[in-house]
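> Residue numbers (the numbering used here), protein chains in the order written: chain A, 384 to 980; chain B, 1211 to 1558; chain C, 7 to 219.
In short, the hints are calculated from the structure, not lab data. Backbone N, C-alpha and C define an ideal beta-carbon position, used for all residues, glycine too. Heads up, some of the hints might be wrong.
[Claimed, not checked] Derived lysine to any residue pairs resembling SDA-like cross-links, with alpha carbons at most 20 Å apart:
| no. | chain 1 | residue 1 | chain 2 | residue 2 |
| --- | --- | --- | --- | --- |
| 1 | A | LYS448 | B | ILE1507 |
| 2 | C | LYS27 | A | GLY689 |
| 3 | A | LYS529 | C | THR143 |
| 4 | B | LYS1340 | A | PHE587 |
| 5 | B | LYS1340 | B | LEU1357 |
[Stated by the list, open to error] So these bits of chain A aren't anywhere near chain B, every CB distance computed over 10 Å:
| no. | residue |
| --- | --- |
| 6 | PHE420 |
| 7 | ASN451 |
| 8 | PHE714 |
| 9 | SER747 |
| 10 | VAL967 |
| 11 | THR979 |
Next come the chains, spelled out residue by residue.
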Amino acid sequence: MATIAGTLTQPASSGIWSWITTVDHKRIGALYGVTAFIFFMWGGFQALLIRTQLAVPHGVVIDAKLFNELFTMHALTMIFLAVMPLGASFTNYLLPLMVGARDVAFPRLNALSYWVFLFGGLLLTSSFFFGAPDGGWFNYAPLSSKQYSPGPGITFYAVGLLILGVSSLMAALNFATTIINMRAPGMTMMRLPVFVWMSLIISFLLILALPPLTVALLQLLFDREYGTHFFIASEGGDPILWQHLFWIFGHPEVYILILPAMGIVSEVIPVFSRKPLFGYPAIVFAGVAIAFLGWAVWSHHMFTTGMGAVPKTIFATNTMIIAIPTGVKIFNWLGTMYGGSLRLNTAMSFSIAFIALFTIGGISGVMHASPPVDMQHQDTYFVVAHIHYVLVGGAVTAIFSGIYYWFPKMTGRFLDERLGMLHFWLWFFGVNLTFFPMHYLGLLGMPRRIYTYDAGLGWGLWNMVETIGAYVLAASILVFVWNFFKAMSQPQTAPANPWDAATLEWATSSPPPEHDFDVVPVVRARDPLWHDRDHGIEPAQPTGEHIHVPPPSYYPILIAAGMTVMAMGPLSHLALTAIGAVIVVYGIWGWALEPTE
Amino acid sequence: MTRIRSVRSSLSRRFALLLGLSLLLALTVSCDAPMSTAVIKGSDNAAIWGPYNLIMWLAGIVFVVIMAITAIFTLMFRERPGREAQQIHGNTRLEVIWTMIPVAIVVAITVPTISTIQAQSAPPPADAMKVIAIGHQWWFEFQYPDLGISTANELHLPVDKPVHFELRSADVIHSFWVPQIAGKVDMVPGHTNFLTFTATEARPEPYLGQCAELCGFSHANMRFRVFVDAQSDFDSWSKSVAAKAVTPVSPLAKQGQEIFNRSACIGCHTVNGTAAQGKTAPDLSHVGARTTIAAGILVNNEANLTRWIHNSADVKPGSLMPPMAKSAGGALSDEEIKAVAAYLLELK
Amino acid sequence: MAQAVAHGGGHVTSTGTSNRKLMMWIFLGSECLFFGSLIATYLIFAGDVIHRGVGPFPHPVTINGEHHEGILDIPLTSTSTFVLLMSSVTMVFAVYGAQHARPKMMKLSTLATIVLGVVFLGFQAFEFATFYHEGLTLGTNLFGASFFVLTGFHGTHVAVGALYLASLLAASFRRNGLGHEAGEHMEIAGLYWHFVDIVWIVIFTIIYLIPSE
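Chain A on its own, in the form it takes in the complex (with noise of 0.2 Å):
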């Protein structure tokens, strides 16, 4: 039965136990973002221990096995603890508001998914105490087996990223599900806005791509904990398997990384040129086409392990095939830009320089795309430049100006301008001096995951920089979370549409209001708020409809605590997976009983 708004139960609005229990997509959104840019601070840290060690040769600050250690967990949690649920952060707050939906598909399903992905990045963060994974993200067999890594590092990988995986699973079922079926009247998929284009794209890469990592892990844990031999070649086991089963996972998964990216900026560039997206068919198929091929290039990580001149060749020509559709996406944004009038606040200026960052980081990838090059290329420094200005200079700059850009809606407030500028400049400056000096030391042959280098190599140099660099980013970082809380202390100032937007969340009220819409709109162009306003339709007013908010749920939080003892069976004893799955399968139970109307 669906309820007046206000006359249900409703939720507590603040305290401790109402974002416990909340299945609010804005706040799980919330929950999201903050967590994840802890976890984006603490593996910043971990890089700066990494580069300070880097800073001269024969560095003394940290020995061989924590920088193993650090190196390791700084990928991990970047990529499945900060980048992801940063995008994550987006799509959650977003995805309904730019659809014209209320909330998403499964409100508990999604507050699950965050509750699994705090406790797996709690977990996996834990293996600190106890001696954490230090294979590399990539973990290649042999080194992850219990012979040449005794310790538990590699199995709380492996039981960290499979429930990691199980919390984006869900939230992908629960996104895709959301976009494809939950749209308001007339917002048809050529309607949609590109980030939300870009969201769906993604989870269709996580819902296709996760179930082969799953596999691999699965088979990484029966070989450490259970006596198989997938892996390990000396019983007939295959360490290139998992090679290619991780592979098969891991370059989707940079496609993952980087689509929120593109979609974020292709959002702010239009409003603040103040003209329409340019090519938007183009920028969506270019989406789905990166997308596609993206499945037909992983052995591009593996030109060096022996394979034959066939593979090599079709993997090399796949993955430069790629550049047509990426090098289309930029010359789209450069087209939007033309003829405009450009507003360069903070959140333009990050996505102006997403587009310089982000091409640097392309064009790189295109040249050890030929696998002659990438002998040379493959684990030097040069790699690591590629997937930091890929990474950093891209997805995570597109992410500080999605940031700037939604927060007056997600908070009702706005971040202060100036320091903003004094973010972007040092973030830029940051970015530029330590990942740009990286090309060079490739190209001197410096190996990436080396605690220590000699003098007498011509590395000493660039390194220093790089670390200076490192430490300009971390400032960049200060300033920004200054920024964050000197907003958080003003009034709630904020107008709806604050930036003159096209799109649907600037219809409600910044910050909107728990059922996000007093009145679901009705779409009749790409970009609503401007056809609206040109043809001069005024929002409907809302009629009193019966508007439903889902009720509060403890299920979620409990079903993912029993699902992160499940996972902490293999690191101990299997009675705990069986207690978890008890716990797992009596909350399901409630869940599934408990009323949602």
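Following the hints, put chains B and C in place on chain A, whose structure we already have.
Okay, now just chains B and C, sitting in the frame of chain A:
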């Protein structure tokens, strides 16, 4: 400066099309960089730099163009009083054009890439010398099956002679890489990979090699050296390695041999013609003739050898060689370690 | 304009399919890759036992003139496969009963489906125990490893399905049964159940019917 000039001349000899080096390349080779991939001293690296040059130039052009457009648009279309944004939704002709630009670039780099892949996977020439390189945690073993010799961490090769490598691993995945001579190829347990190249310049100082796949704690300390010698020098080297290990002369070294032979050493190390026939650690028959120890991380001298034997993990974290000194939990006194070091240094 | 279609319980969706059913379909797409990866692993390693000559072997083979029996009991597993296939038939009746307001038919068919699923699991437990006694474990060889992991995870899916159906059955004894969306609930459960059956047909064909080379 002479270095720059010599590098430049060798490059332009090989690539007639190369008009000059970009700033990037100049920076890469201008400082003293013994592991620079842009210094070409072997046939495989020369093959790689065929497509590499083209791709680097195209990448440079794309970089400059996109950066310039981004910067110009940003400045040109800034918000100004009276400026109205043009409401353009798209332009099919333009979009087709800028789809075709990357298509053309991709075709341009795919063609030389494929021909280089073909060249690199061609069967080795019949006169190629065979070397079996085996990665261990954390050192390299080199066997010359044609010559019946074997050595560790210091590879000797004759100049201008094709060498066909069989790459294997004894434990985890490693990667064989001598940047100036050849691209890297992984050493994967359960698989045998191949790499063929010709070193093109003999010189007294070694080429530096390093493991390029994470292989555990001391991945950073898994290095090797490649000495490219004139054929005659190589022949005399291989003859000396084929010979039985010398009998120590000095009393200290004699005492060292006696200690060596009754200690744990012989379980893992080989010294030709003695009781030491272990196979899991580097062959020490001629260790005194090597310039470095511990997989290229320490100069081979008495002080370093003593330090190494004392407790190798102090030098190389995770080292599988147990500590030998009593103070570190081993069985040998400091005097005994000194004697062993003296013995090893005499094994020229 | 996206079509807005009112569905069963008054939920309005863009496609006309309910959210839950849509999500189950997408989820099954994900499951395809899960089993696909496990099956690929099995195929990669199925021949390894013969190359290495380390038994027990799945099918009868002759290595170096010596004949080895196959460990797989094809008649037995054909029987259990038949049982699982029959459970799909009863599942169809259960969905039909739920959709056409015939609660008794729905309950009995659901019960039959659960029982058949549990019988299948019984066969599997028997098979695993027999293999264990004949010396095939996770660590014996890669056939053992990939066989147990693949069929074990399939069995887990059957078990989860049985639990799922048992929950629906138990809930159907409440005062308003499964409510006005009973047909929908049973149909979604049916999608999952049929999927697990179809996967078994693939697994059965690959492991039991195709002799390894």
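> For every hint, state whether the structure bears it out.
Here is how each hint holds up against the structure:
1. The straight-line distance between the Cα atoms of A/LYS448 and B/ILE1507 is roughly 18 Å, inside the 20 Å bound, and the hint therefore holds.
2. Proximity of C/LYS27 to A/GLY689 is assessed by CA-CA distance (about 45 Å); at most 20 Å being required, the pair is judged violated.
3. This hinted pair checks out: A/LYS529 and C/THR143 have alpha carbons roughly 19 Å apart, not beyond 20 Å.
4. Distance check on the hinted pair: B/LYS1340 and A/PHE587 sit about 49 Å apart at the alpha-carbon level, beyond 20 Å; violated.
5. About 9 Å separates the Cα atoms of B/LYS1340 and B/LEU1357, which keeps this hinted pair within 20 Å; it holds.
6. Distance check on A/PHE420: its Cβ is at least 28 Å (rounded) from any Cβ of chain B, clearing the 10 Å threshold; non-interface status holds.
7. Not every beta carbon of chain B lies more than 10 Å from that of A/ASN451, the smallest distance being close to 7 Å; the non-interface claim is violated.
8. Its beta-carbon lying about 4 Å from the closest one in chain B, A/PHE714 breaks the requirement of being farther than 10 Å from that chain.
9. The Cβ of A/SER747 does not lie farther than 10 Å from every Cβ of chain B; its closest approach is about 7 Å, which violates its non-interface assignment.
10. The non-interface label for A/VAL967 is consistent with chain B: the shortest C-beta to C-beta separation is roughly 36 Å, beyond 10 Å.
11. At the 10 Å boundary, the C-beta of A/THR979 stays outside the reach of chain B, the nearest C-beta of that chain being 42 Å off.
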